[in-house]
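Generate the whole structure from the sequences, applying the supplied hints.
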Amino acid sequence: MSDRAKRNALLSLFIALHLVVILPGFFSTQGYAEQSRDLPFSPPTRLHFVRPDRHFSLRPFIYGWNQAALDIGTYEVDRSQIYPIRFLVRGSTYTIVKGITASTHLLGVDKPGRLFLFGTDDFGRDEFSRMLYGGRISILAGWIGAAIALFTGAIVGLISGYSGRWVDSVTMRLVELFMALPWLYLLFAVRAILPLRIETTDTFILLIAVVGIIGWARPARLVRSMVLTAKERNFVLAARAMGASNFHILRKHILPQVLALLLTMAAYLIPQFILAEVTLSFLGLGIGEPVPSWGTLLAELQKYNVLVNYWWMYAPGIALVALFLIYHWASSTIQQRVGVPLT
Amino acid sequence: MSARQISPCRFQRGVILLTALSALTSFAATSSSAQDKQSQTEVGRPGGRITVALRTDPKTLNPILAVDTTSREVIGTMQADLVHINRETQRTEPALASSWKVSPDGRKYTLALRRDVKFSDGASFTADDVVFTFQLYLDKTLSSPQRDLLVIDNKPIAVKKIDNYTVEFDLTKPYGPGERIFDSLAILPKHLLESAYRDHKLGEIWGVNAKPEEIAGLGPFRLKSYVAGQQLLLERNPNYWRKDASGTSLPYLNELLFTVVANEDAQVIKFKSGETQILERVGADNFNLLQKDDPSKSRCLYDVGPGLEFVFLLLNMNSVDPTKHADIAAKEQWFRDLKFREAVSLAMDRKGMVRLVYGGRATPIWGNVSPGNKLWLSTNIQHPDRSIDQAKALLKSGGFSWDANGALLDQQKHPVTFTVIVSSSNTQRTKIATIAQDDLKQLGIDVKVVPLEFRALVDRVMNTHDYDAVLMNLVNGDVDPTPEMGLWRSTGEMHLWDMGEKAPTTPWEAELDKLMESQMTTTDYATRKKLYDRVQELVAQNLPLVFLLSPDILVGAQSTVGNFRPGILDPYALWNVDEQFLQPTGAACR
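As you go down the protein sequences, you meet chains A and B in turn.
Just so we're aligned, residue 1 is where the first sequence starts under the working numbering, counting upward by one.
Just so we're aligned, residue 1 is where the second sequence starts under the working numbering, counting upward by one.
Rather than coming from a laboratory, the hints here were simulated on the basis of the structure.
Some hints here could point you the wrong way.
[As the list claims (entries may be wrong)] One side of the interface only, derived from the structure: several residues of chain B facing chain A at Cβ under 7 Å: (1) A262; (2) D265; (3) D285; (4) N286; (5) L289; (6) L356; (7) T434; (8) D438.
The C-beta atom is built at its ideal place from N, Cα and C for all residues, glycine as well.
Right, dumping it as structure tokens:
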């Protein structure tokens, strides 16, 4: 594969992945909180193409579960119940953005058939749908965290690097202080003092914001070092000699130098903050039930019996690895193109 | 008892307690067959060592101070009591007292002590030790947790030495539970503790770092060594007073090793690999996993049946300060409405909770007595099936309505929403809360589940009353109803739904007060049963707590452990450790 084809393939994967998590309602087969209490830890539903009478069917179909076997806690298919997969079906209502709702899903089967592409969790909730909705929360956390960290870091770095002298000394000591902060304990403390009746999503965004605010230190250092070299460049010196104001020099000459760095940093920081969300949720500080995130989904694997018995519960972990690889690729591609060092 | 003393690991027979960890959730109950017949005790083979994992280090080895389960469990193997409750039959048996007589008025208990009994350091045991021990338990300045149990109707019991081997107890009032009061009260050596008691230093001795020769007891084992955070090794007490049917001195085991393994999954893995012989307090998921995954039948796993624990949803009905907690005061209007509570109870999918959270190893309940408590369970309690339609009809008749989106509105057309707090360290209870949340959503009630650190949760429930609803559990220390005094009496210190009441606010609460008091001072079982049946009926009708389920007691042992007879009350696996032994090849499980 040529470099170009490879890049296009990865780029489309990058876009597809984000599209799926931006519109989880459409791609999911049911709501994230819908419980099928008779089907806890159901294995993934198998898609079939050959009917029991050995006829090939181009449209994939699934079998229903044998109810008698379900009652004693085992999963056995009933080959007399056949549910063909249908596209663009009406299902549970979901919200696209606040106020706009829809109920069309990409895939589905007729009632009472139930399609669990990635199996179910301990409440009989569809793991596939939860993974898509969970991705939305996790990636959103990554973006918000990275945006806050980069924005704060860029401003502090610009000011510190450009003005030098005591401003530089003070801000850099502050950076060191923030880098030494045990942020996990800080988050535990923040969670403990929050009032009970605050919305879980608000708590969560607040916690992510705290992580972002603590995370500004590293970008600030990098930006500062870029500014330090940039401000000694001849064109900057020339602009100053011609009487350009500090603000003008920062905006017109130095910021463009730093932008590429920020972009590369973003591609590198977003997965870091996604991981921070996963860590928070894993420790029980994340978004509350029943809203899923990849962290809360992975936290299920803390339980020994889930870990050894239900392999489909690993799915969010695999999605996480794939996402990380894509972001890593994006970060290195940007870096190659603009040629900034990233350490 | 002040609220401060209620800790996640507090264990006290005779007092109701809250537990935090899923693993601590259950106390024992008996299976129906074990109720009346005791299984045969085998004559064992001396020697060997049994290893048992503990969740935490014991905090102390001093019975006067121990409040946490771990310490009490370790102490239980080193000390002995006067009268012991057989965990398998739920009935009392002679221990250090070989027999006892009750005065006709039911107040005075005269106990004949065993002769020729020696402490583990060789000193003789006499009535002086008993009198001294009870002096310690009753001393207010020591604030021992056993004191609560020994104070009947605000009067401490009186202890008198008749002669060297006879002691008389005056219970000040006829006392329903009778000689059960003596169970688990360790009799301590006067010769070792008297000087420390005189110098007010009792709180400092017998800590976990005490030298083995400083500690003596009448139990089957004595301290050999302790390594903090790792293990506590006990050795056989050569002076132990019990003998088996063939006259061999008990205990059979040479050593009993407690290792500290902090989490349940790690304990399960150690048990699976044979590193530990006995597994106590295992969750349903791991229990099912162990049972499935044992082709060589090297392990015996016991589902002893529902324990004395009950899990419930509590709606806050405390009188909170409306200026400080206006939102809670508004919500209490709904919670005080019996129709609302009935609707909530009807919406709960108890069977789903049992199936999804406990893998079927729990029992749905509609009243305060778990089905494990065969002696006291009332058969007149209704078990209404889950019905969202009936619940909605009830709400409608109570003046509630629904908006266009199906959200429930109260009489003033305010949306009905509330928060349920739950202990964050207990995954099972968080799961129950998630199911309840979904159930209530079907009534149009938007419920938020907030996991809180256990101590913070207890503080809100017991002290500040700053919560809407809580999903929690209580565990009875004994099958007898008396431990529930604090819960049902309106002035009780555990009267959770409306704490600090001076007098009962409703007729049914007034009746509860009377019933509970008269059952405590009645000694006839049939009369007490009738009184307590009425208590159960009132509680089930008025739903001060919405009862959900009672988890099963689950324990395991390697098949090489003989005489393993998991029982009813805590400690349910080690209660007969003096009779347990190791056999060279595994035997068939009972």
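Legend entry - Unmet hints by their number, sorted upward, for this structure: Of the numbered hints given earlier, the structure breaks just one, which is hint 1.
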